[in-house]
Amino acid sequence: MSHLNSGKSGFVSRSRNPQHARPFHRRKGVWPSLSTWSLRRRPPLPSPTSSHLLSLPLSHDLWRFPTLEVPLICSFHAAAAAHVPRALPVTKKEKRGLQAVSSRCSGSPLARRCYSAVAKGGPSIAGVSDIIAVASGKGGVGKSTTAVNIAVALAKEFRLKVGLLDADIYGPSIPTMMNLHEKPEVSEDMRMIPVENHGVRCMSIGFLVDKDASIVWRGPMVMSALEKLTRGVAWGNLDVLVVDMPPGTGDAQLSMSQRLRLSGALIVSTSQDIALIDARRGANMFRKVQVPILGLVENMSCFKCPKCGEKSYIFGEGGAQRTAEEMDMKLIGAIPLEIDIRTGSDEGKPIVISSPDSASAQAYIQVAEKVTRRLKELAEERQMGPEILL
Numbered sequence: 001m002s003h004l005n006s007g008k009s010g011f012v013s014r015s016r017n018p019q020h021a022r023p024f025h026r027r028k029g030v031w032p033s034l035s036t037w038s039l040r041r042r043p044p045l046p047s048p049t050s051s052h053l054l055s056l057p058l059s060h061d062l063w064r065f066p067t068l069e070v071p072l073i074c075s076f077h078a079a080a081a082a083h084v085p086r087a088l089p090v091t092k093k094e095k096r097g098l099q100a101v102s103s104r105c106s107g108s109p110l111a112r113r114c115y116s117a118v119a120k121g122g123p124s125i126a127g128v129s130d131i132i133a134v135a136s137g138k139g140g141v142g143k144s145t146t147a148v149n150i151a152v153a154l155a156k157e158f159r160l161k162v163g164l165l166d167a168d169i170y171g172p173s174i175p176t177m178m179n180l181h182e183k184p185e186v187s188e189d190m191r192m193i194p195v196e197n198h199g200v201r202c203m204s205i206g207f208l209v210d211k212d213a214s215i216v217w218r219g220p221m222v223m224s225a226l227e228k229l230t231r232g233v234a235w236g237n238l239d240v241l242v243v244d245m246p247p248g249t250g251d252a253q254l255s256m257s258q259r260l261r262l263s264g265a266l267i268v269s270t271s272q273d274i275a276l277i278d279a280r281r282g283a284n285m286f287r288k289v290q291v292p293i294l295g296l297v298e299n300m301s302c303f304k305c306p307k308c309g310e311k312s313y314i315f316g317e318g319g320a321q322r323t324a325e326e327m328d329m330k331l332i333g334a335i336p337l338e339i340d341i342r343t344g345s346d347e348g349k350p351i352v353i354s355s356p357d358s359a360s361a362q363a364y365i366q367v368a369e370k371v372t373r374r375l376k377e378l379a380e381e382r383q384m385g386p387e388i389l390l
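Under the UniProt record's numbering, the sequence shown has 361 at position 361, and the numbering climbs by one with no breaks.
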């Protein structure tokens, strides 16, 4: 156990025999760091409150480094800063230190990386600028179809370098929808090389198993496979990686949200009440892990008769809009139900490729445009960083 000097920058007097070291308080009521406590001669202090525990790391750093530029965990220190004036006596010098953290944190590259790590989970994939998750609370609502068409629209209409990851281990459909059936090659550094079509680099467990093989894996095997499909792939430089998430809100979905540094999540649902209930659960899951919601996409919003042109709202009307308003989300697209979507998906030709002028294709392109716009807004917010108010 290391002990700090009792001079200007420390709490504890140094002793050659650590057993005889004892806490030294610069002022009453100050809790020293837990690492500075000796096993002997502890003073009779009251139990630390939550305010003490929150404020200690920040105040300790500021006493040692009055011009501290970046806190280690911005969101933690933001909460800590609010407790410092109430929990501990703060001098003018320390107050200036707190203000230095507030004013300098937003512009520092380290602060931006710190804020990004706290807000968005694990480390990013090398070379990938943004990762977006396309998710749904339940299966059968058109999540994979939406992911494919948005990925292709981003590549074709907006000239972005796009990757598409099929994270639906139990039901991979990207190989069929993208008309890709060859196995990926392996690079010199033993990473899989994505298979490409329609200008999109794709990776799926479907490339690695037989077409009709059932995948009966337990959780650990699924998570290992997802790790290989994300970080064991030579994605190269990508502007956007679109992740077709597994349906639901189980372990795989939660782990993917925490292990990948997601820039945002797109929720797909029909206007049916049952589907919208699960869509709410999916949105709440992402919010719990601090992933921004890019918007809600209403799939199969209506069916337009090819003969008379009359619209039929098979799954109900207006439910997605009401849910978006109640959940403080934006409804960024309503995709009509068209036969061309089904035929194009079966043939490996997304509708933005096979029928680019159709109503559905134009709706997907508009969703892709709104996604890119929202990603830029979020990037600007991350550049600003968090703000600590006293």
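Since the hints were derived computationally from the structure, they do not count as laboratory data.
A hint or two may mislead.
BS3-like, lysine-lysine: derived pairs with alpha carbons at most 30 Å apart [as the list claims (entries may be wrong)]:
#: 1; residue 1: K138; residue 2: K228
#: 2; residue 1: K376; residue 2: K211
#: 3; residue 1: K376; residue 2: K311
#: 4; residue 1: K330; residue 2: K161
#: 5; residue 1: K370; residue 2: K161
#: 6; residue 1: K307; residue 2: K161
#: 7; residue 1: K138; residue 2: K211
#: 8; residue 1: K349; residue 2: K307
#: 9; residue 1: K183; residue 2: K370
#: 10; residue 1: K228; residue 2: K376
#: 11; residue 1: K311; residue 2: K161
#: 12; residue 1: K330; residue 2: K183
#: 13; residue 1: K349; residue 2: K183
#: 14; residue 1: K228; residue 2: K161
#: 15; residue 1: K183; residue 2: K161
#: 16; residue 1: K349; residue 2: K304
#: 17; residue 1: K228; residue 2: K211
#: 18; residue 1: K183; residue 2: K156
#: 19; residue 1: K370; residue 2: K349
#: 20; residue 1: K288; residue 2: K156
#: 21; residue 1: K183; residue 2: K288
#: 22; residue 1: K311; residue 2: K288
#: 23; residue 1: K288; residue 2: K349
#: 24; residue 1: K211; residue 2: K304
#: 25; residue 1: K304; residue 2: K228
#: 26; residue 1: K183; residue 2: K376
#: 27; residue 1: K156; residue 2: K228
#: 28; residue 1: K304; residue 2: K138
#: 29; residue 1: K370; residue 2: K156
Practice task
Given the hint that K330 pairs with K161, test it: the Cα-Cα distance must not exceed 30 Å.
Solution key: With a Cα-Cα distance of about 26 Å, the restraint between K330 and K161 holds, given a limit of 30 Å.
Exercise for the section: Would you mind confirming whether the straight-line C-alpha gap from K311 to K161 stays at or under 30 Å? Expected result: violated (37 Å)
Problem - Proposed proximity, K311 with K376 (alpha carbon, max 30 Å) - result: Answer violated: K376 to K311 is near 35 Å, above 30 Å.
Exercise for the section: For the pair supplied as a hint, K228 and K161, confirm whether the alpha-carbon distance does not exceed 30 Å. Expected result: Satisfied, since the Cα-Cα distance of roughly 21 Å is no more than 30 Å.
Handout entry: 30 Å Cα cutoff - pair K138, K228
Key = With a Cα-Cα distance of about 25 Å, the restraint between K138 and K228 holds, given a limit of 30 Å.
Practice task
Mind checking the alpha carbons of K304 and K138 for me, to see if they're no more than 30 Å apart?
Solution key: holds (25 Å)
Exercise for the section: Would you mind confirming whether the straight-line C-alpha gap from K183 to K288 stays at or under 30 Å? Expected result: violated (37 Å)
Problem - Satisfaction of hint between K376 and K228, Cα-Cα up to 30 Å - result: Status holds; Cα separation ~29 Å.
Exercise for the section: Mind checking the alpha carbons of K228 and K211 for me, to see if they're no more than 30 Å apart? Expected result: holds (20 Å)
Handout entry: 30 Å limit on alpha-carbon distance, applied to hinted pair K138 and K211
Key = holds (23 Å)
Exercise for the section: Assess, step by step, whether the Cα of K288 is no farther than 30 Å from the Cα of K349, and give holds or violated. Expected result: violated (36 Å)
Problem - Hint consistency between K304 and K228 [alpha-carbon to alpha-carbon, up to 30 Å] - result: Violated. K304 to K228 sits at ~42 Å, over the 30 Å cutoff.
When the structure is compared with the earlier hints, violations turn up for hints 2, 3, 6, 9, 11, 12, 20, 21, 22, 23, 24, 25, 26 and for no others.
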